[in-house]
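Same order as they appear, the protein sequences are chains W and V.
Note that the numbering used here has the first sequence beginning at 1078, numbered continuously upward.
Note that the numbering used here has the second sequence beginning at 2, numbered continuously upward.
Treat the hints loosely; a few may be bogus.
Each pair of labels, with its calculated beta carbon distance range [what the hints assert, rightly or not]:
id, chain 1, residue 1, chain 2, residue 2, range
1, W, Leu1095, V, Ala82, 25 to 33 Å
2, V, Asp29, W, Gln1134, 40 to 48 Å
3, V, Leu36, W, Glu1127, 28 to 36 Å
If you only want the chain W side, here are some residues facing chain V, beta carbon under 8 Å, derived [said to hold, decoys possible]:
id, residue
4, Leu1079
5, Ile1081
6, Ala1087
7, Phe1118
8, Val1121
9, Gln1134
For the record, the hints were derived by calculation from the structure and aren't laboratory data.
Note that the Cβ used here is the ideal one computed from N, Cα and C, for glycine as well.
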Amino acid sequence: MLQIILIMAAGIATGWLLRQRIPVKWLNPVITVMVWALLFFLGVEVGMNEKVLASLQSLGLEALLLAVAASAGSIALAWALWKLIKRKEGGRLP
Amino acid sequence: MKGSVIIVGFFVAGIMVAVMKLLPWNGDMGTVSYLTLCALIFLVGFMIGNDAEIVKKFKTLNRLYMLLPLMTIVGTLAGCAITTLLLPHRSLADCLAVGSGMGYYSLSSVLITQYRGPELGAVALLANIVREVFTLLGAPLMVRWFGKLAPISVGGATTMDTTLPILTNVCGKDLVIVSIFHGFIVDFSVPFLVTFFANL
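All chains should be modelled from the sequences, with the hints used to inform the complete structure.
Take a look at the structure:
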C-alpha cells in the first residue's frame, strides 16, 4: 500500500509541475484503454490461478452469495447517503 | 451499459485466454497487472496534480462524503449477517469475517485461512475477488441506478488502488478524492475486523 501511495504522490507532483505545459485532454482516453488492458490481465490472472478455479465449483455459489449480499448492503447505504447529500445540496452535485 | 459490456468483454477474454492456455508466455501475470496498475495510479495522480480545481472542489465538498466508509462497513456487515440465514452450515461470525474482507482478498483469505482453516479461507478469497470484479464490471450500471457513491462503496478496500482508475473514469474526477479517502479508511479496517470476527 505504501508503494501505491508513493506512486500516486509522484504522479501528483509530476502533474503539478507540468500543469501549465501539457494539455490533459489525452489523459482520459489513455486511462480508459489502460483500464481495459488491466481488466484483461486480471482475467488472465484469475484464469491461471489453479486454486481459484479448483474451489470455484464447490464453494463458488456460497462465495457469490456472500459477495452479492455484501455489495447489496453497501449499495443500499451508499445510495441513501447519496440521496441525502443530493437533497441537502439541492442538485448541486459533481 | 456499453462501458460495462466492454469491461466484461476484456475480463472474460483474459480468463478464456488463460484457461485455454493461449498465452505465448507463462510468466508471472501478477507482476504485469501490478505494473499496469502502478502506471494507472501514476496517471490518476498526474490528473489530480494537474488540475488546480480539484483541491478547491475538495474543500467545498460536503462533509457528509466522509461518512461513506462507515456506510460501506455497516452495509457490508448487515448484508453478510442476512446471508447467515441462507447458509445454515456457517455461523454468523464466519459470514461477517468473510464480508470484512471488503474486497481485499489477499489479506482476508490469508487471515481467515490462519484462524478458520483453508475452506473458509477459500470462500473469503472467492467472495472478495467477486466483490472486486463486481466493482470493475458493474461500476457504470451502479452509477446509473444507485448514484455515484454506490460503486465506490462496493469497491470497499480497493478504491484507492485496483478499482481507482475505473472509478475515476465512471464517477468523474470530482469524486477521486472521496474514492481515495474511502479506500484508505476501509483498507485499514480490514485486518482489525477480519481478526475480530474470525476469533469470535
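Outcome of the hint check:
A beta carbon spacing of about 49 Å between Leu1095 (chain W) and Ala82 (chain V) contradicts the range 25 to 33 Å that was offered as a hint. Between Asp29 (chain V) and Gln1134 (chain W) the beta carbon distance is about 26 Å. The supplied range of 40 to 48 Å is therefore violated. Remark: the range hint 28 to 36 Å for Leu36 (chain V) to Glu1127 (chain W) is contradicted by a beta-carbon distance near 23 Å. Interface restraint check: Leu1079 (chain W) against chain V, minimum CB-CB distance 11 Å, threshold 8 Å, status violated.
A least Cβ separation of about 5 Å between Ile1081 (chain W) and chain V falls short of the 8 Å threshold, and the interface hint therefore holds. Interface hint at Ala1087 (chain W): satisfied, since its Cβ lies 6 Å from the closest Cβ of chain V, which is below the 8 Å cut-off. For Phe1118 (chain W), the suggested interface contact is upheld, since its CB lies about 4 Å from the closest CB of chain V, less than 8 Å. Taken as an interface hint, Val1121 (chain W) checks out: its beta carbon lies about 4 Å from the nearest beta carbon of chain V, inside 8 Å.
A distance limit of 8 Å between C-beta atoms decides the matter here; for Gln1134 (chain W) the minimum to chain V is near 11 Å, and the interface restraint is violated.
Hint compliance for this structure: hints 1, 2, 3, 4, 9 are not met, and every other hint is.
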